[in-house]
Each structure stands twice: as structure tokens, then as C-alpha cells.
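J.: Sequence:
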Amino acid sequence: MPDFSIRDATDADLPALAEAMVRLQTAHTEAFPDVYRTFDVDVAKGHLESQLNEPDTVIRVATVSEDGQSEIIAGHVVFAVEEKPETVFTRARRIGHLCQIEVEPAFRRSGLGQLLLEDCDRLATAHGVTQIFLQVGAFNSPARAFFEESGFEEFGSRLCRRVRIER
Numbered sequence: 000m001p002d003f004s005i006r007d008a009t010d011a012d013l014p015a016l017a018e019a020m021v022r023l024q025t026a027h028t029e030a031f032p033d034v035y036r037t038f039d040v041d042v043a044k045g046h047l048e049s050q051l052n053e054p055d056t057v058i059r060v061a062t063v064s065e066d067g068q069s070e071i072i073a074g075h076v077v078f079a080v081e082e083k084p085e086t087v088f089t090r091a092r093r094i095g096h097l098c099q100i101e102v103e104p105a106f107r108r109s110g111l112g113q114l115l116l117e118d119c120d121r122l123a124t125a126h127g128v129t130q131i132f133l134q135v136g137a138f139n140s141p142a143r144a145f146f147e148e149s150g151f152e153e154f155g156s157r158l159c160r161r162v163r164i165e166r
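Oh and the sequence shown: position 57 is 56 in numbering that gives the first Met the number 0, straight run, nothing missing.
Calculated directly from the structure, the hints in this document are not laboratory data. Where hints are given, some of them may not hold.
[Unchecked claim] Just the calculated beta-carbon pair ranges, DEER-fashion:
| no. | residue 1 | residue 2 | range |
| --- | --- | --- | --- |
| 1 | Thr56 | Thr129 | 17 to 23 Å |
| 2 | Phe31 | Asp2 | 21 to 27 Å |
| 3 | Thr28 | Val87 | 34 to 40 Å |
| 4 | Asp41 | Arg108 | 29 to 35 Å |
| 5 | Glu65 | Ile94 | 24 to 30 Å |
| 6 | Asp33 | Pro84 | 32 to 38 Å |
| 7 | Phe31 | Met0 | 29 to 35 Å |
| 8 | Glu82 | Pro1 | 22 to 28 Å |
Remember, predicted model here, so these are calculated numbers, not experimental data. The beta-carbon is built from N, C-alpha and C at its ideal position, and this holds for glycine as well.
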């Protein structure tokens, strides 16, 4: 396994992260074009800039040395903390959202995805989070298998029924 380092993202990382975000979004758009929108790198970069400034959101990047001197981004996670107030149905709690996880194609099946999830566990512990939630598209069975192998369990299901509107 390559020697990965995981750190907080900086403004300098945004161009590479934006490229990765566009790739992820393209997969979603191809699967569900009536739901997901395409966007370009500039839009992705703007979104990531705003996330970097959110107090309850952390972007972490995994880097690897390419030539012993320069580093490249091999993957990243976007992790957010949410305070859930008590309701008539649920207890108050602090939960984590794994908003995005991406491993560059050249580093898939290298153990990096697991390292990024372990980093999220450390973030969760530091923020008093006891549950981490994520959403995975039905079209993305490899990701779902990875998450289940990593200890994620189904916590309800979100189903969709399409309704045809006559015009």
C-alpha cells in the first residue's frame, strides 16, 4: 500500500477536488438525468470553497508522494456534523454525514477508502458524533458493497416512485 497522508484540505487543493467532484456528479447525472444536474469545475470549486468555510463541515484529503517531493491528491472526504433536536419521535443527538468520499481510480482497492473512513471515525469521535450516515445511489453497487464491508448497515430505505404528469 502506498504511504498515504491525510490532512485538512486547503484552498490550494480546490482545483483537484473540483475535478473529482465533477467526475462524481457525472456518474450521478448519467444514472438519474432527471434528478441530478451537471456542472463544471468552476461551480464545483465555488461549492467546495463555501464548504471549507462551514464551521460544521470538514474536508480531508489523502495525499501520496509522487516523486518523493511533490504530493498528489489520491482521495478525499467531506464530513459534516449536524445537531438533531429532540422530537416527539426521536432523541436529541449529534450525527455525522459522510457527504462525499472519493478515491482516485489509480488508488482504488489500495486500502485508501478504509483509511478515509477511519479518519471519519476519528472526526466523529472528536465532535461527539455516535452515528455516521451516508447516501449511496442504487446504481453504485460497488460503493454500497464497500460501505457494507466497512461496517455501515442499512438504516431504513428511501424509495422513489415516478409519477407521470399529463400535460
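J.: Please go over all the hints and tell whether each is borne out by the structure.
T.: A quick look at each hint next to the structure:
Checked against the hint of 17 to 23 Å, the pair Thr56 and Thr129 passes, with Cβ atoms roughly 19 Å apart. At roughly 38 Å, the beta carbons of Phe31 and Asp2 sit outside the given window of 21 to 27 Å. Remark: the range hint 34 to 40 Å for Thr28 to Val87 is upheld by a beta-carbon distance near 38 Å. The supplied range of 29 to 35 Å is met by Asp41 and Arg108, whose beta-carbon atoms lie about 32 Å from each other.
Taking 24 to 30 Å as the suggested C-beta distance range, the pair Glu65 and Ile94 does not conform, at roughly 36 Å. About 33 Å separates the C-beta atoms of Asp33 and Pro84, a value consistent with the hinted range of 32 to 38 Å. Separation of Phe31 from Met0 is about 34 Å and conforms to the stated range, judged on CB atoms against 29 to 35 Å. Glu82 and Pro1 have their C-beta atoms about 37 Å apart, which leaves the hinted 22 to 28 Å range violated.
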